[in-house]
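Asker: So you can see what is in the structure, the chains are spelled out below.
2 protein chains.
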Amino acid sequence: MSPACDLLLTNATVLTMDDAFSIHPSGGVAVTGDSVVATGPDALGYTASETLDCGGRVVMPGLVNAHTHVPMSLLRGLADDLRLDVWLMGYMMPVEREFVSPEFVRLGTHLGCAEMIRSGITCFADMYYFEEAVAEATAAAGMRAFCGQTVLRFPSPDARSFEEGLARARAFIEEWKGHPLIVPGPAPHAPYTCTPEILRSCAELAAEFDVPLHIHLSETLLEVEGLRQAHGMPGVPWVRKQGLFDAKVLAAHCVHVDEGEIRTLKNYRAGVSHNPSSNLKLGAGIAPVAAMLKLGLNVGIGTDGAASNNDLDMFEETRLAALLAKGGSGDPTAVPARDALAMATRLGAAALHLDSVTGSLEPGKRADLIVIDLHQLHNLPAFARDPGGVYARIVYASKSTDVVHVMCNGQWLMRDRVLLTLDEENLTREARGWATRIDAFLGSREVSVLQKLVAVGGAIEQESFEVQVKARLDSADRVLAALNGDLFTVIRSSRYRQHDIYWSFDDPEQGRLRFREDEILDDTGAVTGERSRLTLTGNTREARFGAVMLFRSRYLAPAAHSARFYREYFRPSAEHLVEKERRRWLVAYRGVEFYVHLDRLLNPAAEGYFLELKSRTWSQRDARDKAAVISELLTAFGATADETIGPGYIELARRGASSPEA
Amino acid sequence: MSPACDLLLTNATVLTMDDAFSIHPSGGVAVTGDSVVATGPDALGYTASETLDCGGRVVMPGLVNAHTHVPMSLLRGLADDLRLDVWLMGYMMPVEREFVSPEFVRLGTHLGCAEMIRSGITCFADMYYFEEAVAEATAAAGMRAFCGQTVLRFPSPDARSFEEGLARARAFIEEWKGHPLIVPGPAPHAPYTCTPEILRSCAELAAEFDVPLHIHLSETLLEVEGLRQAHGMPGVPWVRKQGLFDAKVLAAHCVHVDEGEIRTLKNYRAGVSHNPSSNLKLGAGIAPVAAMLKLGLNVGIGTDGAASNNDLDMFEETRLAALLAKGGSGDPTAVPARDALAMATRLGAAALHLDSVTGSLEPGKRADLIVIDLHQLHNLPAFARDPGGVYARIVYASKSTDVVHVMCNGQWLMRDRVLLTLDEENLTREARGWATRIDAFLGSREVSVLQKLVAVGGAIEQESFEVQVKARLDSADRVLAALNGDLFTVIRSSRYRQHDIYWSFDDPEQGRLRFREDEILDDTGAVTGERSRLTLTGNTREARFGAVMLFRSRYLAPAAHSARFYREYFRPSAEHLVEKERRRWLVAYRGVEFYVHLDRLLNPAAEGYFLELKSRTWSQRDARDKAAVISELLTAFGATADETIGPGYIELARRGASSPEA
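Taken in sequence, the protein lines are chains A and B.
Numbering-wise (numbering that gives the first Met the number 0), the first sequence opens with residue 0 and increments by one.
Numbering-wise (numbering that gives the first Met the number 0), the second sequence opens with residue 0 and increments by one.
Quick caveat, the hints were computed from the structure, so don't treat them as lab data.
Glycine included, each C-beta is placed from N, C-alpha and C at the ideal position.
The reader is advised that the hints may include incorrect statements.
Across the chosen pairs, the derived CB separations fall in these ranges [stated by the list, open to error]:
| # | chain 1 | residue 1 | chain 2 | residue 2 | range |
| --- | --- | --- | --- | --- | --- |
| 1 | A | S447 | B | G329 | 25 to 35 angstroms |
| 2 | A | S21 | B | R428 | 47 to 57 angstroms |
| 3 | A | R532 | B | Q228 | 51 to 61 angstroms |
Between the sequences and the hints, there should be enough to build the whole structure, so can you do that?
Answerer: Shown next as structure tokens:
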């Protein structure tokens, strides 16, 4: 009597993607419960309760997406073509701080799962916040996943501290370990966002529960150079030193790893997720995939999050992995189609430490499989000469939309391109609702430079009014003599070189943003320190008292990022540079404190000296009083007010510096 | 009264892709006859005989595929993951020699047009044989194309000589010039396949008729280095020197061009087709697209032929162009989505010298347009914050299957994903027929190493039988003394270093393939010349006469390619190297000619000398007679036959060389 199974797929070209790359040209797959019981000619001997004629299509293992942040599907297309820091800190993180909640995560996961199922993915490795909501939504969609609960040293949407994040990870693992579809684990975000303690604690947690650990590793040259400078070693030895490899590691990216590091990863049986689209789009580089495969590493392929990539299409990603390995090395025989497809299936499953369960069609493994139609117009004709040609047809010419049926863990998730576990219409409607709210949030912040400054974090509302006057001098002698005289009490003095970048905008109402970097100098002119800050000022004089002007400075923020960051984030319409060397005295005159600034302009270069007298003020009346005193001071210094200079010398920079007037 | 038009597209986001990148969020497009008469709000003022509600979808110009070989769609998937020469000379050219005919070209063009229409392409630049058949089939499909008739210095499927090719090109241009859809032109294949005369003649022909000229240029480093060595200059100056830029040039690839060359291309208003998938897949490199765009070059995007790429999907290609520019430069702001889409439309049209006709939606241009659905699951959600975000949604997340309607020259080619000018079922059936015939052809040649050798060209059936004997000697003295003695007449002598690679196959019946390279030496041992050849030999001794063996050598071919080429083409299961220094005498002994070889084995290194005596033979009887004489000779040389050495010393190489037996 022939053996029995629940479901028999017949009339198929079966790509098992097993170690021997067995292909059964007119084969079948027998499934019972959640598992494959036979493939190829063996399967055709089974008697099945249900039979599906595959119409000569290809049956192969479901694709494994080895690295993603699935809920970020809800942020797809929010911001593109930006540098990583601007994208992340200017857009993603502010929006995540505001919106990421279990509800957001659930919907984002369902949206991502729907897209993944439609493109033939049955298993993925995730890293996000509220990972229990990811797990729940994934299990409800019927997909398999290794879910990594993020731990990092900053406050995150789901944890105020790393301890809280770690506690969340532990609770998550305890709750989900042993689930038929979900493998939980900790996800220390990356070496540059985690302390050694976080890396160690996460590795210990993963080892304690024997679950894998998910991390971003050696993604950019900046990251690796940072580790080299700080610790004298690149990414892989650094995390090894923290005991990371006590856990079963899945390392995403590994763009900047050398051969020694690849060997280390191999020795510790770490898996790697290669994410070619993401690495190209963010300019990270090209990972040495051919070398990794040659040394026997388990390298999978990942889409990364849809917010950066901008989709979850493993067909595109696999094709790109195959092409990029050739283009990057100049060797057109590198990573042939068969190997690329192995990365997208069996090797990816091994990278997730799930190869005993999925990644190939073999008796005993779960029934995670897809049926692809290679008879589409864009895949004609079909040559039979080389049986292995089917790998090239899938990798180089087929599209995710050629996937017809998808099964995971013995359950159909898609039949004839109709999703069975998710409601596309519902998802579409709900996603639109979130997009509208996120649009409104970003819209309100993007109405003004000030709101963008607040959104990027760290802006301090510190409104201040100043009265000030400026003058040009041929010589500093009279000022220095006066300061040494009896008229003033010098409270303190300092000296620095000040580099200012002024950004202005098409709408003058937005004011002017100044990015200021000071090099603090000692008496000999040597640099003893640095500081930088951002100031957003109104463009106009608030009032004038004779030659003395009243200015308002509105916002002050520590400049945590580079000038380049702010330039790309704020996208000013014009930029002017001013560099000066300043001597600064805080003096008391008739009981009132004033700043005396004696400046030499370096850029735009100008001869002579500039004298600036200023004082903070709090009211119109106070301003008027101080303006009177400032006028007296100016006379005491033997100077005459020059109203054309402007508060930041930017007017000089605009028109080019000139010689001081006689 | 409102103006009238034939067709009004309404309720659309109109991306005009004009110079200002005008977007009309709720706009329309008015079409009359073959042309656009208005776009945006203007269009909505028209009264139309027919109105199409686009349901909030995107309307944009049809995509321009700036470089392809469209009939090669019929060869898609024939051979992949091979080096360019193996792919081209091992597979494409033999198959093209056998199959390419007007019928092949017509069907291949229809197949390619069907795929291109389905993926939103309305215009392409082609280069192939029987280009009049390409033009005819394209016009019948309703697509626009610049069709380049190939001219090259080798015989081709449609021309026995370059003069014939040039005459074909002239006749083709005369016949098709002025057609509303087809622009004919000459296509000198590439600098390395064309003589200066061909380049000049083609440029003159194009200039005479004021049509563009299509060429492959600076695709690989090998090509550019070859030109540098031969002519002291890279690709662009070389073709300029031949007067190529007297014509309106479309240069495909331009991977290896420096900034000066880019400026030259710009000065001559040459267009460039960037073909990222093809360049990656064949390991050619990454073209400096960002620099080209910065210098204002008209750079389009091309799929190249489906036989190499392996599809004609401009969505994939455009996405890759955007990603690769970032990954190649490390700058994630390089070639943003908007610029990539401009390359796929307006700049591509300009590269084809067709920008007065197509590439953007502007009044007066032809109505070449597509309607794309961005409401697909893989493109959710949609943020409204940045109106330019639509470019990123199209380039990074949409798929060719999202194209809903396609119009070219005012004619609908696809509505709701149904082709209107081509019969998909018919194409599918016919393509299968060709695939079967090509499979049979390749199958018959691939049954044996001999057939593969014949297929790759240049094999000469030159069956020869030899009787031979080998012996090991401690010293050469007795041989040299005997040769100087009276016994022999030395007819001629020579000396060379011989490098042999022996390839064997799993099936021993296939025989052994020897790749032989000789360095010819003068009396002092200096190299005076080189020669190389391939020999396919049977594996077994045909007969023996005492210690003298009869061997058969079957095929001899000039080795036109490198050892690497043949290794990748024949894929032997084992390889053995033998290097020896040989002194060779042709002697007459008793009126019979014999070869006397005195060899020293260099690799595998072996002490002492090897003596080989051999003679061509034609019959069993002749062989027997000569075997007897050879035995006598051996004795005269004081040597004893050693049957273990084998005809090519390969047995020694296999077991490692050893000292001569005493």
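Asker: All hints, please: hold or fail.
Answerer: Structure-based check of each hint:
{"no.": "1", "hint": "A:S447 x B:G329: 25 to 35 angstroms", "verdict": "holds, 33 angstroms"}
{"no.": "2", "hint": "A:S21 x B:R428: 47 to 57 angstroms", "verdict": "violated, 31 angstroms"}
{"no.": "3", "hint": "A:R532 x B:Q228: 51 to 61 angstroms", "verdict": "holds, 58 angstroms"}
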